[in-house]
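*Asks:* Chain by chain, the residues run as shown.
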Amino acid sequence: MKGIIFAGCSFTWGQGLYFYSDLPNVIPQADNDFHPSKVTDAHVKYKNTLRYPRLVANHLDTFEVTRKPNGGNDKMSMDFVNNLFKGGSHEGKYYIEEIEYIIFQTSQIVRNGFEFVYNNTRYNITESHSNKPFSNWLIQENLTYDEWFLSFCQQVFDDIKNFFIFYEEKGIKTRILSWQNDLVPYILKDKFMNDRHIKLNYTSQEYNSIDDLVKDNNHMLISNDYLNFTNPNNDAHPSKLCHKVIANSIITNIKNN
Amino acid sequence: MKGLLFGGCSFTWGQGLYFYSDLPKQKYPLNEFTYRREELTDAHLRFKDTLRFPRLVANHFNTFELVKGQNGGGEDETFDFLRTVFKHKINERHDHYVSDNIEYGDIEYIIIQTSQIWRNKFYFTLNGKEDFAMISLNDNHHGYNWDNLYKWLIENNETIENVIKSHLKIQLDRFENEVKFYEDKGIKVRFLCWEPDFYYELDKYPYLRERFVPIFYNDVRYNTIRKMHDENPHLKIKGDVAFFGDNIPDDHHPSKECHKVIAESIIRRLESEIK
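Keeping their order, the protein sequence lines are chains A and B.
Take 1 as the starting number for the first sequence in the working numbering and just add one per residue.
Take 258 as the starting number for the second sequence in the working numbering and just add one per residue.
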C-alpha cells in the first residue's frame, strides 16, 4: 500500500498520549491549557507511536503523514493536505500517486470561523458565537442562530465533500471520521459521504462519532482512564485505548473496501 | 521503555528499502555503491523508515526510535550525531543529523551499528599542520589524501602496517570511551558489527565485548552482517530474487528480511536484559 495522510486536530495529533510514557519531565496540563513548551521532543516522538495514524500505518505496512503542529480545524486540515501536494508544508512534498488514502478527522465545527460584514466592518468569529456584532448581524440578516448554524454546517459539509470529490477524482481514496456530531446527519443522508464514513466499533457496538463512543465508554478519555492512571490528568483527549479503537475501525473499513 | 537511539551508516538508515514499496518514481542505482538523494521523494524516505530495524525494534518495545537524518557515515559521524542529539542547541550546524532536542533521561538504549573502519579519519601532523587521511584497507591503502599520508610515513620512518594497527587501536579506544561516556549518563549502549574489524579486537576490550550483540539467522550465530551476507546472499537487496524476480536493484544493502533478522536479534538481547 502507498502512504496514508491523516488530517485532523489535536485528536489526530495525539495530545496527551505522552502521559502514558516512562519519560521524564512530563508536566500535567489540562487539555484546554496546552503549552507546546511543556512538551519535549521525546514526548512528541513517543505520542506519535501511540496515536491512531501510526497504528493504522504499521498494520498496513506503510507510512503515515500527519500535520506537525497540534490543533486545528477542518479548513486547516484541508489546507494541510493541499499544501502537501504543493510542496509548501513542513511535512515534505508528496505526489498524488504516492498516496493511497486521506483519513479526515472532523474537529469542532465552530472552530472553522465565519466571516461576515456588519456596519462596513469585516469580522471573523471562531469558537465564541456570542459576540455583539455577530448577534446584530443575525438580526440584520433576519436569521435565528439555529437557522444560521444549520447553513453553516451545510457549508462546512459541502466544503469537505468537494475536497473529497477532488481527491477521489485524482485516485486517492478518502474517509471521514467524526469527532463531534454536528456533521453526522449530513454525512448519513449523503450516499457519497456515508460510504466514506468510518464507523467506530467497540464491544459489538457501532458509533458514528468519537463523542458517541466516549458517551458510552468514558474511559476512552485520558481524564477517565483509571485503568492506566491512579490519578488521571485533566485531559479530555482520546486515551491510548481510544486511539486503538479508532485505528482498528479504520483498518476494518479499509480492509472491507 | 524510554526512547531508543540508533547510530550507524546506510545499513541503519535503511538505504534501498524504498525499493520494496508500491511507490512510483523509483530509480535503481547505477551500481551498488551509488546513492543519489535527489532521486528519492519524501514518500520513499518515509516508507523506508517503516521497514528499517530501528523502527521494528522500537515498535516491539512500544517506544520511539531516533536515527540520523543523513544517510551513510562511519563512527566519526555516529559519535558526532550522538553528541548533536544531546547538545543540539550549541551545535546547530548538525541539523542534517537531527533536529530534535533530546535529554539523556529520554533514552533507554543506544544501539550502534559499526561501519567500515577506514571511513574514520586518521589524523597526523605534516609540516606543522594537522591533516587527516582515510586509510583504505584495499587498493594498496590508497584512500583519501594518500599523498600527504605517504609523505608523513616517510618523514616519520613509519610503515602503513603500523598505521593500520594504530588506527584500529585509536578507533577501538575511542569507541570504548564513547560507550562509557553514555553508560555513565545512565544510557545502556549495545552494538553490532557490519565488518569484522571491530569484532576481531573485542577480546582486548572486555567492556565492549559485554555489549556486543550477535545476529542469529536460522539458528546460526553471525558476529558480523558481512559474514551473514556472505553465507546468505538473499539477505542483501541485490540477492533478494524472491521479492524482485528478474528486476533486482544493484544494491548491496540489507534486504527487508535482513532488517527483520537484525531487529529480532536486538530484541532478543534487550528482552533477555529486561527479564
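Hints were generated in silico from the structure; no laboratory data involved.
Treat the numbers as computed from the prediction; the structure is a model and nothing was measured.
All C-beta atoms, glycine included, are put in the ideal place defined by N, C-alpha and C.
Treat the hints with care, since some could be wrong.
[As the list claims (entries may be wrong)] Over 12 angstroms on every C-beta distance to chain A, these chain B residues come out as not near it, computed from the model:
#1 N288
#2 Y292
#3 D299
#4 T307
#5 F318
#6 L323
#7 N328
#8 E360
#9 G362
#10 Y407
#11 E440
#12 K445
#13 R447
#14 R466
#15 N489
[To be verified] Within a straight-line C-alpha distance of at most 25 angstroms, the following computed DMTMM-like cross-link-like pairs (lysine to aspartate or glutamate) qualify:
#16 K2(A) to E365(B)
#17 K170(A) to D61(A)
#18 K240(A) to E97(A)
#19 K437(B) to D22(A)
#20 K68(A) to D299(B)
#21 K68(A) to D306(B)
#22 K240(A) to E514(B)
#23 K259(B) to D31(A)
#24 K255(A) to E206(A)
#25 K93(A) to D404(B)
#26 K173(A) to D279(B)
#27 K517(B) to D61(A)
#28 K86(A) to E365(B)
#29 K284(B) to E296(B)
#30 K38(A) to E365(B)
#31 K282(B) to E168(A)
#32 K513(B) to E206(A)
#33 K495(B) to D61(A)
*Asks:* Out of the numbered hints, which ones does the structure contradict?
*Replies:* Hints 3, 4, 5, 6, 8, 9, 16, 18, 22, 25, 28, 32 contradicted; others consistent.
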